[in-house]
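> Sequence:
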Amino acid sequence: MVSDCIIIGAGQAGLVAGLRLKERSLSVLILERDQRVGDVWRRRPDSMRLFTSRRFCQLPGLDLPGESDGYPDKNEIADYLERFAIHHQLPVKVASEVVEVTRNSDLFNITLADGKLLQSKTIINATGANQQPVIPKYADQLHASIYQLTAANYLNHQQIPAGLHVGVVGDGASGRQIAMELHPYCKVTLFGKSRVLMPNRLLGKDLFWWLHGSQLLYASGDSFLGRKLKQRNPAPCKELNNKALQKQGIQLAARVVGASNHELQTADGKAHKVDVVIWCIGYQENTDWLKLPHCIDRQGFITNTGTTPEPGMFVVGRKWLSCRASELLLGADRDASRVAAKVAELV
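Quick note on numbering: the sequence shown equals residues 0 to 346 in numbering that gives the first Met the number 0.
There's no promise every hint is true.
Stated by the list, open to error - Okay, derived cross-link-like pairs now, SDA-like style, lysine to any residue, Cα gap no bigger than 20 angstroms in a straight line:
# : residue 1 : residue 2
1 : Lys229    : Glu284
2 : Lys21     : Ala340
3 : Lys290    : Gln130
4 : Lys186    : Gln247
5 : Lys204    : Ser67
6 : Lys120    : Lys229
7 : Lys73     : Arg35
8 : Lys290    : Gly311
9 : Lys186    : Ala270
Simulated from the structure, these hints should not be mistaken for lab results. Note that the structure is predicted; figures quoted are calculated from it, not measured.
Start from the sequences and build out the full structure, keeping to the hints where you can.
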């Protein structure tokens, strides 16, 4: 059977895109590599809570239970996505990892890890940009005894023996949260350049209430406001500012530029001895499975608000796809609806 559209990834963007295509009576199949919808959230740190309150984590047609001004944890979101797929009776196929996508004439050929071949008239990549944690090449210069993790596989302090010196590399939201969680058990140094930090709440309102109401979240990445927001890239964790971290005994250090043996080397010329390194310096897209090279560059997918150079191939759920909200739950429907309309035009 040839599908009208196959969606790769059953996160919020892929699920909402599937819903909007289903509403248009198109045949759609959503492929998810994990065993359950939401598993990517279940693997995140145990202490994780979203920076967006529940009122801004709602997807179309299904409420997220709980106090609307409260902040959901990772399991709430994981279970909510799973319920969303069931509630809307979306055609999700789990345990279906895509290993190759090619094109033959008018059809896309999607090969799964189990060898099964699927075909579709169109395809939507909804795997998101946070697929592979960035680990710098100089990490290989660290001694083999140095325990290395990333923000993607850190769950809790029990993974690290008490008393060790942990270097958390990257002072964004994830790095600061992990450093604060580890400090009662380990000696912690947070490495990074100075970041702009925003409070979670302003004048009693969720920060995203202001960003949503002012429409700043929806400013195009090419607009003046969008460019400024990209440039400053504020992290909504002002309660974890440098002063608060230092008060807890967490050491602060400059940006890491190299490594050697048991030491991390920083931009100010200093060397810092560590026992453990947790890399929290961002993520990159995995496009190894896509055998359509003109669709990708060194940054990942080449896309203009969801379209790609390959006719019939689309993208949703990517950071700054159309605006800052694109990768968030509250921005999923905005991009998914637009892309679904483009798919419908082709099939």
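> Please go over all the hints and tell whether each is borne out by the structure.
Hint-by-hint comparison with the structure:
1. Using a Cα cut-off of 20 angstroms, the hinted pair Lys229 and Glu284 holds, with the two alpha carbons roughly 18 angstroms apart.
2. The hinted pair formed by Lys21 and Ala340 meets the criterion: a straight-line CA distance of about 12 angstroms does not exceed 20 angstroms.
3. In summary, the hint linking Lys290 to Gln130 is supported, as the alpha carbons are separated by about 18 angstroms, within the 20 angstroms threshold.
4. About 11 angstroms separates the Cα atoms of Lys186 and Gln247, which keeps this hinted pair within 20 angstroms; it holds.
5. About 12 angstroms separates the Cα atoms of Lys204 and Ser67, which keeps this hinted pair within 20 angstroms; it holds.
6. About 35 angstroms separates the Cα atoms of Lys120 and Lys229, which puts this hinted pair outside 20 angstroms; it is violated.
7. Of the supplied pair hints, the one linking Lys73 and Arg35 holds, its CA atoms being roughly 14 angstroms apart against a limit of 20 angstroms.
8. Distance restraint check for Lys290 and Gly311: the Cα-Cα separation of roughly 15 angstroms lies within the 20 angstroms cut-off, and the hinted pair is therefore satisfied.
9. Distance hint between Lys186 and Ala270 is fulfilled; the C-alpha atoms sit about 16 angstroms from each other, no more than 20 angstroms.
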